Structure formats: structure tokens, C-alpha cells
Amino acid sequence: MLAAITALLLFQLAGEAIAIGFGLPVPGPVIGMALLFAALVLRRSAPAPLRDTAQALVGHLSLLFVPAGVGVMVHLSRLADEWLPIVVSLIGSTLLTIAVTAIVMRALLARAQRRSPR
Amino acid sequence: MTNRLADIWVYLAATPLLFLALTLLVYQLAYSVYRRAGFHPLLNPVAVAVATLVALLKFSGTSYESYFEGAQFVHFLLGPATVALAVPLYAQFDKLKSALLPIGGALLAGATTALVSAVVIAWALGAGEVTLLSIAPKSATTPIAMGIVERLGGLPSLTAVMVVGTGIIGAIGAKYVLDLLRVTDQAVRGIAIGTAAHGIGTARAFQESEEAGAFSGLAMGLNGLLTAVLFPLALWLARQVL
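As you go down the protein sequences, you meet chains A and B in turn. No gaps in the numbering here: position 102 of the first sequence is 102 in the numbering used here, and each next residue is one more. No gaps in the numbering here: position 65 of the second sequence is 65 in the numbering used here, and each next residue is one more.
For reference, chain B alone in the conformation it holds in the complex (with noise of 0.2 Å):
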């Protein structure tokens, strides 16, 4: 019996319907129990869907590269959903057309300040350089970050991981940061969520309002692009200097 088990598997963990069941399941498990908790920011669904699933992949000696096979397929959404986007903000265009400059500078600002705080922190503490490179783009969406850093010599799953840790970071310390400063304006504080922590943030924001959740996902577009211009040119900067 318990060959036979082994034997199914076996079988199952080579095809990729395993893994991608898996993962919709995990998560789905993971958001009932945040929604049950009413949308509790600590019990952040990403977090503990990531925990779950290494958690099961290391006990049942599965390598990364195996749950891939099956997980890319929800990974590769992340394109159409990022193009998506476009459609919650064009609800907002009116008020996007209203508030184009403070919008500009406080990108400015906050793609800036991610950038820069990230690398100096760690390089203060003493992080080696690959991990000072993979940590400098963490505010910007997975794709962007990724991209910027495999062409930089960074290593690109890691700065996935640390894309998403911030954005969970994000999701999870917004709500204290922002009511301490008294944001009541739902576009700053989608602004601020999407800038910081991309998507995870916005997914946050959309449960606050529709409206912080729309802003959260441009300052998220436009960080990933800002990101994409300034990381490369402080990295020529910072190697001028040093």
C-alpha cells in the first residue's frame, strides 16, 4: 500500500498539475483565513501561503525547480495583470489628471529613498555585494526587479525573494505608518503602498478602497519604470565615487 502510494507520487509529482493545484489551494486556504480574520494585515495571505508551501516542498523533498514546473503557470499571469492594471486607473483618470505634480514628486521621492535606504542599511550591517545588488530594486514589481538585476550581475531569485518579503512588509506595516501620519486622502495613501510595496501592496490597498487600490497600482507601474531608470545610473554613480 504505501509503495503504491509512492508510486502515485511518484507519477504526480512529475507533471505539472501537482504543484499548480497546490499552490491555488495553499492560497486559497491562506485568504480564507485572513478574510476570516478580517482582513487582519498581520495574517498577509502571501506570507503565510510562502510559509505553507516551503514548509510542504521541504518536507517532501521537492526541489524548487520541480514546484515550478507547475507554479509558473500562475506566474506568468503576473504579466496580464500587471497590463491589467491600466483598467482601475483609467476609473481614476480624473483625479489622476488633478494631481499629476504631487503625484510626480512623491515618486520621485519614494522611489529615491527605497533605493537608496535599502543599500545603505544593509551595507551598514554588512551585507556582501550580490546581496547589496539583488536588495537595491526590492520596491519594484518582480518582473522589473529581476530584469534590472540579472542585467546588473545580481542574482534574480533572490531579489524575487526579497521583492516579495518588502512586499509583504509593505502590506503588513502600511495601515500602522499611514494612521500614525494621519493619511486620511485614499490616493496618498495608495500612493505610498504602491511605491513601497508593488503588488502585494496594491492588493492590500484595493481592500481599503477601490480608489487607494487604483493609485496603488500606478505608483506601482511608475516606480517599476523610475526604478529601471535610477538603479542602473546610481549604481554608475556610487562606482565613480567608490
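Isolated chain A (complex conformation) (with noise of 0.2 Å):
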């Protein structure tokens, strides 16, 4: 499990490397999460040591969003002046990617599956 915690902050560590290194726009950990799965596509398999770890991780991500969350306390009067802009704009423009992003792959796998019959 340590080997493991310290693999993903190496990852990390070298996906923020990159990103400030080259001037990239995208941040350090996504970086590290192309280099990871880079890392396991080569070794192909996945240790099961990290397999735990990353599914401890992953399995209470949305904890994480906690503290970002609370920082909504700073910007209540912001919200008060703007909020309805801010609430229609959110709930209508993530629905509608929602619907969006599933049709549109929907409709590719069809073709696809159209043009390669198994």
C-alpha cells in the first residue's frame, strides 16, 4: 500500500514535471493519469496492491470535492446578485451535455457496429 500511495504522487509529481516544464494548459495529475495508464498498458497488468489503493481512492472521490464545495460560503452575496443566470446556466447546460454526449456516442457505436458486423 505505501509502495502504491508513493507510485501515484511519483505520477503526479511527474505530470506537474511535464505540464510546467513544456507550459502546458492541462494540470499535473491528469498528465500522471496518461502516464499511469501508459505505465500499465506496457507492464499489462495492474499490481494488486495499487488496484486497492487506487479503488480506496476512487471510491470516496466525491469526499474529496468537500473542501472546494464549502468555498461556496465566500461567494454567497455574488450568488445572491447573479443566481439566476448561475443556476438555470448550470443545471441546463450539464443536462444538456448529458444528452449530447450520450447520443452522439450512441449514434458512432451504431455506425460502427453497422460497418464491422460481428
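Quick caveat, the hints were computed from the structure, so don't treat them as lab data. All values reported here derive from a predicted model rather than from experimental measurement. There's no promise every hint is true.
[Unchecked claim] Derived list of chain B stretches under chain A, where covered just means 3 residues or more per stretch with a C-beta under 8 Å from a C-beta of chain A: (1) 57-69; (2) 82-96; (3) 155-162; (4) 197-205.
[To be verified] Some chain B residues flagged as far from chain A (calculated, every beta-carbon gap over 12 Å): (5) Val10; (6) Ala14; (7) Thr15; (8) Leu17; (9) Ala238; (10) Val241.
C-beta: ideal position from N, C-alpha, C; glycine also.
Please dock the two separately framed chains into a single complex, following the hints provided.
Right, dumping it as C-alpha cells:
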């Protein structure tokens, strides 16, 4: 487990170094995720301790957003002034995005299946 | 006695321990309510935990800064957790390979829809420029959205709130939208949820199935990348035209 945590932090560190070194607009952890994925593909398997640690972290992913969410208390006055555009935009855009993404992917999958019937 | 209690409070409130423990405690209470209600989307644990914590902090007159002294340790784990998403994704490697093009197309459509519709709706209803800048990357995960907005002159902390709000809305609404569209393929459900509602949506997708969760994690990472590229580009284009 300690080795797995160390590995995750090292991949994140490598990601941060690449992001800063090349001046990329992409955050370090996302590059770290791509690097770890590439490493797993090359290694052809994920070690069990890494699977357990990843499961523990990802299993409580929503907890990790709570501190940022509590930041809403700093912006209550702006939210009070502009609540209508903000609320309508968040709800409308989020639900629309879910629908568009699902419809496009379903259509593309169906097309791919028609081309290569299995 | 009250004085003594006040002394203890002042002492504890000055250490990170109190608000770290409180964050974990409140979240677990919210989560157990959520679990007992059979994971009903309306009882989203992030929404319940955030509302409870804000009420507690306002009631005790605590500033967000002193709260974050403790909560930062939880916040920090977002980085390693994002990296860890590579593991469930790797478990879906074969399925991923077979659907590379549909996933790419869906992500491009979804990322563009998220960015454009958020800004257009907010603008049409009269939001100011700072709010528009901060709401645009709302579907990207927190560290990504905050990083981009900081560079482009919005308010990173306001963006964090928009991102978390988006995640909660997506986690609550995804089931209804996807059921309405009769989407049954777990990979499609996962990609749609992760594109629109990042990590909070992904946590929700893992409750639907392991497969939906893994694809949601993938979509979250890729939409983060796409938003990091598309948002500065769209902003530059918009400034040329307007």
C-alpha cells in the first residue's frame, strides 16, 4: 500500500513537472493519469496493491470535492446577485451535455457496428 | 464552564485537526443517509455535506480560510485520486480500444456543448463577465477548471463552486436524463456522466456499475484535457468577433 501511494504521488509529480516544463495548460494530475495508464498498458497488468489503493481513493472521490464546495460561503453575495443566470446555466448546460454526449456516442457506436458486423 | 468551553473551542479551531475531522465526519454522516436511502440521487452526499458544513461554519462564525487550513488535506488527495483513475480505466482497456472513435466524437461534442451552452445561457440571462469566465469550464474537474480560469482572469474559487455545483447537478440528473433517452449501454452512460459532471458524476457512475464508473473516469480526464485546450481558444475567438 505504501509503495502504491508512493507510485501515485510520483506519477503526479512527473505530470506536474511535464506540465510546468513544457508550459502546458493541462494540470499535472491529468498528465500523471495518462502516464500511469501508459505504464499499465506496457506492464500488461495492474499490481494488486495498486488496485486496492486506487479503489480506496476512487471509492471516496466525492468526499474530495467537499472542501472546494464549501468555498460557496465566500461567494454568497455574488450568487445572490446573479443566482438566476448561474442556476439556469448550471442545470441547463449540465443536463444538455449529458444528453448530447450520450446521443452522439450511441449514434457513432451504431454506425461502427453497421460497418463491421460481428 | 462556558468560558472554559470557549477556551477549548478557540484552541481547537486554531489547529487543522478540528476541521479535518469535521469534514470527514459530516461527509460520512451524509454518506450513510445516502446509503440508507438506497443511493437516491437527490440525497447526493456532496450536496448534503457542503450545505451542513457551510451552516456549521456560518453558525460558529468561522472563516473559509480557517476551515480550509484543516480541509486542505482532503483537497490535496484530489491529485493522487485523479492519477488513480488510470487503474479502473486500464481494467476496461479492451472495451476502450474497440470504441476509440465513438468515444472521441462523443467527448468532442460533449466538451463543446458544456462550454458553449454554459456561457450562452448565463450571458442571455445577464451574468457579468467574471461570472461568465468562471462558469465556462464548469464541466472540467476542479484542479483543471481552477487552473485555466486563474490564467484567463476569472475567479478560481468561484469556479470551484461552479464545478462542484455542476457535479452535484449531473450526479442527481444523469439517471433521469439517460433513462429518458433509454441509454442502457454502461459505457455510453459512463462517458456521458463523466464528460458533463467530472469526479462527482464519476462517483455516482461507479454506483451504477464498475464499467460506467471506469468510462466516466476516462471521460472526466479527457474532458479536462479538451476543456484546457478549447476554452482559451474559444475565448480568443469570441474576443476577435465581439
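Hints, verified against the model:
no., hint, in the structure
1, 57-69, "holds (count 5)"
2, 82-96, "holds (count 11)"
3, 155-162, "holds (count 6)"
4, 197-205, "holds (count 6)"
5, Val10, "holds, 21 Å"
6, Ala14, "holds, 18 Å"
7, Thr15, "holds, 16 Å"
8, Leu17, "holds, 15 Å"
9, Ala238, "holds, 16 Å"
10, Val241, "holds, 21 Å"
Hint compliance for this structure: every hint is met.
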